[in-house]
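Engineer: Listed here are the chains, written in short residue letters.
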Amino acid sequence: GEDVEQSLFLSVREGDSSVINCTYTDSSSTYLYWYKQEPGAGLQLLTYIFSNMDMKQDQRLTVLLNKKDKHLSLRIADTQTGDSAIYFCAESVDGGSQGNLIFGKGTKLSVKP
Amino acid sequence: DVKVTQSSRYLVKRTGEKVFLECVQDMDHENMFWYRQDPGLGLRLIYFSYDVKMKEKGDIPEGYSVSREKKERFSLILESASTNQTSMYLCASSFTGTDNEQFFGPGTRLTVL
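If you read the protein sequences in the order shown, they are chains A and B. Be aware that the first sequence starts at 1, since it is given in our numbering, and climbs by one per residue. Be aware that the second sequence starts at 1001, since it is given in our numbering, and climbs by one per residue.
Worth double-checking, as some hints may not be accurate.
Said to hold, decoys possible - Only pairs whose alpha carbons sit at most 25 Å apart, straight line, appear in this in silico SDA-like list of lysine to any residue:
no. : chain 1 : residue 1 : chain 2 : residue 2
1   : A       : K108      : B       : P1039
2   : A       : K36       : B       : G1040
3   : A       : K56       : B       : E1101
4   : A       : K36       : B       : T1096
5   : B       : K1013     : B       : D1051
6   : B       : K1018     : B       : P1106
Note that these hints are calculated values from the structure, not bench results.
Model the full structure from these sequences, guided by the hints.
Structural biologist: This is how it looks when you write it as structure tokens:
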């Protein structure tokens, strides 16, 4: 079945770049997503990329998609302490027909001052 | 501003009690979802609904049921709560046929004693 894998932890220093990686299995995924979860809160969509794109940039965030390797990454430039959170990678399934997403287990980003 | 609300942020129940978790969205979304989130396991889909009175099992439906009598409201029911159902429960909603972005509620942290 479909699966989304990502490392569980990442620690960086304030001001450095963070790169969170994700691999997925469903080659028919239409969209791939990055969600952010701050402590005690629900998930919030950070950004998403359509499967026919290979890069998307939005201010400090850069998403890279390698469809051949089914690899997705999220780069956060100039990482701040407020970026400390859990980041979830997700892929759409069933061609996106019913809005189902498969989530990875989440990467906990810790930003040290 | 899209809003998904959940009836309680924190809930403490006893083993064997019947528990109702309510979720309401105000964006006329067709799809609604219930997940549970546990450390190291990420988000796991319990049930989802793509229309009023429609429901589909997710990955871990055992011990749960759902109700969707109105489009804006999706209820998760624990018929007889058990300690292994202690978890964070997240509700989400989305439109069909767009980018499938799921909007999440703040979560309900349920403890079963």
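Engineer: None of the hints should be skipped; say for each whether it holds.
Structural biologist: Quick rundown of the hints versus the structure:
no. : hint                : verdict
1   : A/K108 <-> B/P1039  : 11 Å, holds
2   : A/K36 <-> B/G1040   : 16 Å, holds
3   : A/K56 <-> B/E1101   : 16 Å, holds
4   : A/K36 <-> B/T1096   : 22 Å, holds
5   : B/K1013 <-> B/D1051 : 30 Å, violated
6   : B/K1018 <-> B/P1106 : 22 Å, holds
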